[in-house]
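First residue of the sequence shown? That's 786 in the working numbering, and the numbers climb one at a time after it.
Keep in mind that a hint or two might mislead.
Stated by the list, open to error - Only pairs whose alpha carbons sit at most 25 Å apart, straight line, appear in this in silico SDA-like list of lysine to any residue:
| id | residue 1 | residue 2 |
| --- | --- | --- |
| 1 | 856 | 896 |
| 2 | 899 | 915 |
| 3 | 899 | 881 |
| 4 | 899 | 849 |
| 5 | 899 | 861 |
| 6 | 856 | 837 |
| 7 | 918 | 852 |
| 8 | 899 | 920 |
| 9 | 899 | 889 |
| 10 | 856 | 893 |
| 11 | 899 | 850 |
| 12 | 918 | 873 |
Hint data in this document are derived by calculation from the structure and do not stem from the laboratory.
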Amino acid sequence: MRKSSTGRIWDLFNKSESGVSFLETLIALAVLGAISVAFLSGLATTSRAAVISDRRVTAESLARSQMESVKQVAYVPEASQYTPIQIPSDESYTGFSVTITAEPLESPDDGVQKVTVTVLRSGADFYVLQGYKVDR
Numbered sequence: 786m787r788k789s790s791t792g793r794i795w796d797l798f799n800k801s802e803s804g805v806s807f808l809e810t811l812i813a814l815a816v817l818g819a820i821s822v823a824f825l826s827g828l829a830t831t832s833r834a835a836v837i838s839d840r841r842v843t844a845e846s847l848a849r850s851q852m853e854s855v856k857q858v859a860y861v862p863e864a865s866q867y868t869p870i871q872i873p874s875d876e877s878y879t880g881f882s883v884t885i886t887a888e889p890l891e892s893p894d895d896g897v898q899k900v901t902v903t904v905l906r907s908g909a910d911f912y913v914l915q916g917y918k919v920d921r
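Please put together the full structure from these sequences, using the hints given.
Here is the structure:
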């Protein structure tokens, strides 16, 4: 009686050897290593993205609070800048600073200024928010 081709292939792998060969172990370790590297790379990327997102949200919050502060103070005709309020001492604000510039839309000043709040992180521009201040 003649064996089918699948039967012959099965016989090659169905020998009564006990244990695992060195080659099988190396292949298993290589596959496990590749999966581990991909997983850890994904974790590192996710962690980095979370840190960047957190810094951006902090900068946006800081810029908005500074803009609200500028809108609360009295209108200063022909002003070129406004004094920023104190940055919170919370650890998440470490490394941030703020500049606030103003320029009248018309010359002479007609009571409307374009206000630009620039949030800097480690001395470089990080977030810019623009708005308008009106003399009321």
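Consistency of the hints with the structure:
1. Between residue 856 and residue 896 the alpha-carbon distance is near 13 Å, which keeps this suggested pair within the 25 Å criterion.
2. For the hint linking residue 899 to residue 915, the alpha-carbon distance of about 7 Å falls within 25 Å, and the restraint holds.
3. Taken as a hint, the residue 899 and residue 881 pair is honoured in the structure, with Cα atoms around 23 Å apart against an allowance of 25 Å.
4. Simply put, residue 899 and residue 849 have alpha-carbon atoms about 15 Å apart, close enough for the 25 Å limit, and the pair holds.
5. Only pairs whose Cα atoms come within 25 Å are accepted, and residue 899 paired with residue 861 is accepted, the gap being roughly 12 Å.
6. Taking the CA atoms of residue 856 and residue 837, the gap is near 29 Å; set against the 25 Å cutoff, the hint is violated.
7. For a cut-off of 25 Å, the pair hint linking residue 918 to residue 852 stands: about 9 Å separates their Cα positions.
8. Restraint check: the Cα-Cα separation between residue 899 and residue 920 comes to about 12 Å, which is no more than 25 Å; the hinted pair holds.
9. A C-alpha spacing of about 6 Å is found between residue 899 and residue 889, which places the hinted pair at or below 25 Å, so the restraint holds.
10. The straight-line distance between the Cα atoms of residue 856 and residue 893 is roughly 21 Å, inside the 25 Å bound, and the hint therefore holds.
11. The straight-line distance between the Cα atoms of residue 899 and residue 850 is roughly 17 Å, inside the 25 Å bound, and the hint therefore holds.
12. The suggested pairing of residue 918 with residue 873 holds, with an alpha-carbon distance near 24 Å, which does not exceed 25 Å.
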